[in-house]
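S.K.: Read top to bottom, the protein sequences are chains A and B. Here the first sequence stands for residues 898 to 969, numbered as in my numbering. Here the second sequence stands for residues 193 to 380, numbered as in my numbering.
Derived from the structure by calculation, the hints contain no laboratory data. For glycine and all other residues, C-beta sits at the position ideal for the given N, C-alpha and C. A couple of the hints might just be wrong.
As the list claims (entries may be wrong) - So the derived list for chain B, only partly shown, Cβ under 10 angstroms to chain A, looks like this: (1) PHE231; (2) PRO234; (3) PHE236; (4) ILE238; (5) ALA258; (6) ILE260; (7) LEU265; (8) HIS272; (9) ALA276; (10) THR279; (11) TYR283; (12) ILE299.
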Amino acid sequence: MPPVTTLPTDAGMIFWFFFAIALVVTAYFVFAELFHWLRFGFMYPLVWIAIPVYLIGIVILIGGMLTGIGAL
Amino acid sequence: MSYNPFELKDFRDGERVVAVVRHHWFVLFREVFWLAVLFIAPFFLIPIAFGISAQGGGFPPIPGGAVIFFASLWTLIIWHLLFARWTDYYYDLWIITNWRIIDIDQIGFFNRNVATLLTLDHIQDIETHVDGIVGTVLNFGSIKVQTAAAKAEFLMSEIPNPVSIEKIIREAQEEKLRVFGAKPEAHG
Chain A
898 MPPVTTLPTD AGMIFWFFFA IALVVTAYFV FAELFHWLRF GFMYPLVWIA IPVYLIGIVI
958 LIGGMLTGIG AL
Chain B
193 MSYNPFELKD FRDGERVVAV VRHHWFVLFR EVFWLAVLFI APFFLIPIAF GISAQGGGFP
253 PIPGGAVIFF ASLWTLIIWH LLFARWTDYY YDLWIITNWR IIDIDQIGFF NRNVATLLTL
313 DHIQDIETHV DGIVGTVLNF GSIKVQTAAA KAEFLMSEIP NPVSIEKIIR EAQEEKLRVF
373 GAKPEAHG
């Protein structure tokens, strides 16, 4: 089989589908985490460090996914 | 009014938080270790699978964009799981006051149990256990408390330095007698 370096044009839809699922899952986790961290933050001071680290990581990784789709 | 840093319910005058106990850090490390294994597994297994199939004229090489996409997607999933595990670990704790022991048990995201396990005058016997090589080397184990209450015993599992925690509980028990008297009023 010859090597394929680019995907068929409609293959991008599959990536957008996975991207949409990732966004839904991320929305759930972000809501759940922030809900707990903000609600009980007075008891657990490390959450104030965790919040920016977590959110910055998410932005970078979603950016990575978009970069990947853009490079297809 | 007593200082109530954890905003505990039924906090009484004269009550103070003596210690806050979490699981030993090894509990978190163990979970993070398995997440790390899960994280790196596809980066090894997929190239191996492609290598094997390519020898038989199987899968073609995949475009770089797809690699970046799926690597980011997989990392994002592990990122969420990592913080979920950390939250579970960090939110699980026991609060020992000079009146009682409170167990805050975070199970997943939306299941949080806050229970007063016992008032300290119900304690009859305290056992500490340090089990296994890792527990012995890192000094963590469990404390089992026999009580006279309806729930006969409770367990603080995988906590650091159980012997010193036992000492803290006993000292808190003595403090309770000093502060609240030998025959305290019923908890409530």
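S.K.: Evaluate each hint against the coordinates.
M.R.: Okay, the hints, checked on the actual structure:
Against a cut-off of 10 angstroms between C-beta atoms, the interface hint on PHE231(B) is violated, since the closest Cβ of chain A lies about 12 angstroms away. Annotation: interface hint on PRO234(B) violated; nearest CB of chain A at approximately 14 angstroms, more than 10 angstroms. The beta carbon of PHE236(B) is not positioned within 10 angstroms of any beta carbon in chain A (closest approach about 20 angstroms), and the interface hint is therefore violated. Interface hint at ILE238(B): violated, since its Cβ lies 15 angstroms from the closest Cβ of chain A, which is beyond the 10 angstroms cut-off.
Among the interface hints, the one on ALA258(B) holds; its C-beta lies about 7 angstroms from the nearest C-beta in chain A, closer than the 10 angstroms criterion. The closest approach between the C-beta of ILE260(B) and any C-beta of chain A is roughly 4 angstroms, which is under the 10 angstroms cut-off, so the hint is satisfied. The interface hint given for LEU265(B) is met, as the beta carbon of that residue sits about 6 angstroms from the closest beta carbon of chain A, less than 10 angstroms. Below 10 angstroms, beta-carbon pairs count as interface contacts, and HIS272(B) has one with chain A at about 4 angstroms; its hint therefore holds.
At about 7 angstroms, the closest approach between the beta carbon of ALA276(B) and any beta carbon in chain A falls short of 10 angstroms, and the interface hint on this residue holds. Hint status for THR279(B) relative to chain A: holds, with the closest Cβ pair at about 6 angstroms, below 10 angstroms. The interface hint given for TYR283(B) is met, as the beta carbon of that residue sits about 7 angstroms from the closest beta carbon of chain A, less than 10 angstroms. The restraint placing ILE299(B) at the interface with chain A is violated, with a minimum CB-CB distance near 12 angstroms, outside the 10 angstroms limit.
Comparing the model with each earlier hint shows violations of hints 1, 2, 3, 4 and 12; every other hint is respected.
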